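Chains as they are written, first to last, in our numbering: chain F, 802 to 920; chain R, 278 to 758; chain Y, 582 to 1072.
Source of the hints: derived by calculation from the structure; they are not laboratory data.
Computed from a predicted model, the values in this text were never measured in an experiment.
Hints may contain errors.
Stated by the list, open to error - Below 27 Å or equal to it, Euclidean Cα-Cα: the simulated DSSO-like pairs (lysine-lysine) are:
hint : chain 1 : residue 1 : chain 2 : residue 2
1    : Y       : K943      : F       : K905
2    : Y       : K883      : R       : K302
3    : R       : K427      : Y       : K949
4    : F       : K916      : Y       : K736
5    : F       : K833      : Y       : K949
6    : R       : K434      : Y       : K883
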Amino acid sequence: MGHLITNYYETGAIILFGVGFVTLLAHGNLIKKIIGMNIMDTAVFLFFIAKGYISGSEAPIIRSVKSATGYINPVPTALMLTGIVVAVSITAFALALTIRVYEKYGTVDLNEIIKMGGE
Amino acid sequence: MNFLALVPIAFPMALAVGMHFVEFKNESYKRAYLLGGVFLNFIFAMMVIFVANPEMHIFKINDFMEIYFKVDGMSKLFITMTSILWIFTTAYSFDYMHHEGKEQKFFTYFLVTYGVIVGISLAGNIFTFYIFYEFLTLSTFPLVIHTGTKEALASGKKYLIYSFSGATLVLLGMILLFSVTGTLDFVPGGILEGVAINNRVTAAYVILFLGFSVKAAMVPFHSWLPAAMVAPTPVSSLLHAVAVVKSGIFALIRITFYLFGAEAVNAMHVRGYLSILVALTILMGSFVALHQENLKKRLAYSTISQLGYIMLGILLLNEDGLTGALLHLINHAVIKITLFFCVGIIMLRTGYKTIGEIRGIGKKMPITMGCFSIASISLIGIPPTNGFVSKWFLAMGGLQENRAIFVVILLVSAILTAAYLMPIVITAFFPGEMGKELENSEPPLMMLIPVVVLTGITVAFGLFPNFILHFIQGISRSLIG
Amino acid sequence: MYNSYPLIIILVLFISAFAIPLFKSIKMARIIGISAAGISLVLSILTLIGVKANGAYYFRVGHFDAPWGIEFHIGIIEGLMGVLFMTVSMAVLWFSIYSIDHDLSKKKVPLFYTLVNLLVGSLLGIVFSDDLFNCFVFIEISSIASCGIVVVKDKKENIKAALKYLILSSLGSGLVLMGIALVYSLTGHLNMAHIHEALVSIYPEHSRNMLIAIGLFTVGLGVKSAMFPLHTWLPDAHTYAPASSSALLSALVLKAYVILYIKIIHRVFGMSIVGDLPVLNIVLLLGAVGMIAGSVLAILQKNLKRMVAYSSVAQMGYVFFGIGLGTTMGLAAAIFQIFNHAFTKSALFLSAGSILEKTGKKNISDLKGIGKEMPFTMAIFTIGGMSLVGIPLLSGFNSKWNFAVAVIEAHRVELLAVVLISSLLNALYYFPVIINGYFGEESLEGKVYRNTERPLKELLPIIVLVLGVIYFGVSGGGLLSLIEAGIPALN
Chain F
802 MGHLITNYYE TGAIILFGVG FVTLLAHGNL IKKIIGMNIM DTAVFLFFIA
852 KGYISGSEAP IIRSVKSATG YINPVPTALM LTGIVVAVSI TAFALALTIR
902 VYEKYGTVDL NEIIKMGGE
Chain R
278 MNFLALVPIA FPMALAVGMH FVEFKNESYK RAYLLGGVFL NFIFAMMVIF
328 VANPEMHIFK INDFMEIYFK VDGMSKLFIT MTSILWIFTT AYSFDYMHHE
378 GKEQKFFTYF LVTYGVIVGI SLAGNIFTFY IFYEFLTLST FPLVIHTGTK
428 EALASGKKYL IYSFSGATLV LLGMILLFSV TGTLDFVPGG ILEGVAINNR
478 VTAAYVILFL GFSVKAAMVP FHSWLPAAMV APTPVSSLLH AVAVVKSGIF
528 ALIRITFYLF GAEAVNAMHV RGYLSILVAL TILMGSFVAL HQENLKKRLA
578 YSTISQLGYI MLGILLLNED GLTGALLHLI NHAVIKITLF FCVGIIMLRT
628 GYKTIGEIRG IGKKMPITMG CFSIASISLI GIPPTNGFVS KWFLAMGGLQ
678 ENRAIFVVIL LVSAILTAAY LMPIVITAFF PGEMGKELEN SEPPLMMLIP
728 VVVLTGITVA FGLFPNFILH FIQGISRSLI G
Chain Y
582 MYNSYPLIII LVLFISAFAI PLFKSIKMAR IIGISAAGIS LVLSILTLIG
632 VKANGAYYFR VGHFDAPWGI EFHIGIIEGL MGVLFMTVSM AVLWFSIYSI
682 DHDLSKKKVP LFYTLVNLLV GSLLGIVFSD DLFNCFVFIE ISSIASCGIV
732 VVKDKKENIK AALKYLILSS LGSGLVLMGI ALVYSLTGHL NMAHIHEALV
782 SIYPEHSRNM LIAIGLFTVG LGVKSAMFPL HTWLPDAHTY APASSSALLS
832 ALVLKAYVIL YIKIIHRVFG MSIVGDLPVL NIVLLLGAVG MIAGSVLAIL
882 QKNLKRMVAY SSVAQMGYVF FGIGLGTTMG LAAAIFQIFN HAFTKSALFL
932 SAGSILEKTG KKNISDLKGI GKEMPFTMAI FTIGGMSLVG IPLLSGFNSK
982 WNFAVAVIEA HRVELLAVVL ISSLLNALYY FPVIINGYFG EESLEGKVYR
1032 NTERPLKELL PIIVLVLGVI YFGVSGGGLL SLIEAGIPAL N
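Pulled out of the complex, with its shape left as it was, chain F reads as follows (with noise of 0.2 Å):
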């Protein structure tokens, strides 16, 4: 238990992602299981950058140079970025399909649509 208690930044992620898992398979409502899609990868996001915080430590922007324990890790920072660029990629045109998947079925209910099935 008092694991999960110190590292509190991995415990609250891996709570956010089941809980965008459970979002994501469990609605029939497209723009929830979107919404499911980004709490998952956010939760990714905080692991990946709790990874690389170092406590007590500055962001690694160099004015004067100090030795390299001054600052935190910057790689996870860095993947982050483009991880946040795919998630909204993702994100936009999963939300762009959605709007046409509500002009052709007048639904957003992935469950009623599949019960219309039309084939």
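Let chain F serve as the given structure and place chains R and Y on it in line with the hints.
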């Protein structure tokens, strides 16, 4: 490199393709093309097996997958038999198929099947054999569903499912065997030298035996054969009394004596179980045949029973037994094709299909029914016909093994054979009221000649069996002893 | 000389993809798209030749050394995949010249070429890259692009299928990203070789974390490459997409993720760790179940393309089956199956698509007598079907043979039954189509036959694919030994 062996395989296929490009001015040109082609291929085949005697490795994918052809006694026997019967069937089919329709399609696949059968006989290892065995299913399938009716399609589907299931078992057996031996060439006496007979080898044999016995119509895998009788008569006769089922038998001989060897099979202690199935095949085929009203179906069940004899001869694993099996392989082919041809003539000329309808038909077509009677007597095994000779050897083989039960089975089945064939003969010659006026309904010469000649061969084999017997005994001595 | 070609291939494809929209003509889109693919094909062949001669190598993108910069790892397997991907996509692009107009509105055609080049480029990126996060970025690009080529045909079924695909696909990427995060938190590296070193040294105390990470990768990539119970998105997406897209999706997209999975198992974790965990047994089990269940589901389908799509599930089952065996021969058989399935399934999808396009009939029962109307197309379909059934001298038979050998070598003879039953089941759904096509016409009396055959010129790309099927069937030994030679470099 000697590509000669490919000629008799490829030539019929080329003929089949040619069918689509050549415009025949009239019917007789087409007949000349087909009959000439088949005859020419017979000569090619004879030259290849008796003169050139090639042994050739076409190409090799890996140790397992190698296309390899070889000529030995078994392939000589099988090729000669099928080639001669093919010529007769071609001649017989012209008029029959003229009546049935879609001749172009029929002869195309008919010719392709000929090439495939030659490939089966020449195959020098079981992989090559397996390839042609699969092609045989594919090329005969269109012939089975030739009429295109719902019933034909259903039978065709049954045929495919049975055949492919069998082939899958064969593949499984091949892989298992290969994992033990590392080679799959056909060698007289087997390739198991120095290999311990363990469970895997035994399983391989049983699986291969069961897989191939699907085509050989062993009970309980037989039901496709009667169903396939919806095909036109030349197809039924040639493919389902001669080529297809006999290639199953041929395969059983190949695996038993050329892959595993008699000694190894004997050491496996599975012979007893397989013999039970075979005995069941013999008896059940005969009993069911008794109840068939449809003439072709009756002959189909009779085939199942007779194939059981041959499988019994193989499983006896002694010289006399194998001699009997090989003799019966040939005799049954000749006899059964004669019977089918006669039934086909009856169907074509009168439209009758069941035994009840043919009362008195012997007067209308004396030659046809005469031939039918001789062939029936031969199949029952009354001396001096050829059927007697092969059954004699089978019985001898059974006695050598101290299994009198086999002899009893043979005798019971011979009586049953009489019981299901003689009524046809008796009904045909029994004076009865025919619906139509009596007139000579003998078929055209092109159909009658094959029947008469084949009957002649039946009698000749019975009277002078020595020539062929000698050859066959040579084969069986080289395999057992 | 050839060292930088993999990067150039990806760049050529990406740059051409974004160049296409600049010109507003369909003709220019085709010229740019296909010539970029052509250049890439030539370069990938040169790379393969070079790798074959000199062995595997690392390529530093931007000349930064490994732990900091991104590296590509090019071995024989990666080289082979490059050639395979480019050959198939070349054939598909060639075919699309004649067919894509039929499915798409004029405005969308250049977009299709953009998406295809983007997709193929990102898939090659997944195959080549030795950096896990880089792989993730390529995975996301390929997710968007592959949904794009489904939805580029603006029908409501397509939108539904694409959305379903996108959601499950991003679920998969989320799991993969979480796996990467776990691995990174354990080792502090993203480069596969460095991760491997670090993982081996800390394995004993962190085995449970690693199990979770492998589990995340397995499920995440399993969703994307249609491992059996996770395949639910596949039938819709593959059925409704235009023929060219379906061919790409099943031939290439599924495969790139599997290659990544193989790399994660063998390069990142290594057999010494994975062999200790129960993961491979589960993969083996799921593969075996997929081989059977995919075929059973395919038998139940009435729609031709849907049937072919379900058959992909079964065929991917073989690949996972081979990976799950955990032996070198099993892996080689799986990679050979990737080749076999890529060629066969793309030929099947393109010919099924041609039939659908020319006759407008999508149900199997309506296709009676199609062999008379479209003899060549149907012949191609027949060869493809027979290859998957496992008729000798076609690549499918060789593939099954490899699996049989692998199974025996791994001393799991009982699994032979799975391989053979599955191939028998394949026969149960391909043969009815073929038989109805050629012989079923008798039951349709009075039907008027129109010759709806495509001109032979338009069938050439599919014929090229079928020739590949026959080539790998007749002389598959060469490819297999090449694969076996390449496997050590994976570790």
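Going through the hints against the structure:
Of the pairs offered as hints, the one joining K943/Y and K905/F holds, with about 22 Å between alpha carbons and a cut-off of 27 Å not exceeded. Distance check on the hinted pair: K883/Y and K302/R sit about 45 Å apart at the alpha-carbon level, beyond 27 Å; violated. For the hint linking K427/R to K949/Y, the alpha-carbon distance of about 13 Å falls within 27 Å, and the restraint holds. At roughly 17 Å between alpha-carbon atoms, K916/F and K736/Y fall within 27 Å of each other, so this suggested pair holds.
The suggested pairing of K833/F with K949/Y is violated, with an alpha-carbon distance near 45 Å, which exceeds 27 Å. As the CA atoms of K434/R and K883/Y are separated by approximately 18 Å, the hinted pair is consistent with the 27 Å bound.
Checked against the numbered hints above, the structure violates hints 2 and 5; every other hint is satisfied.
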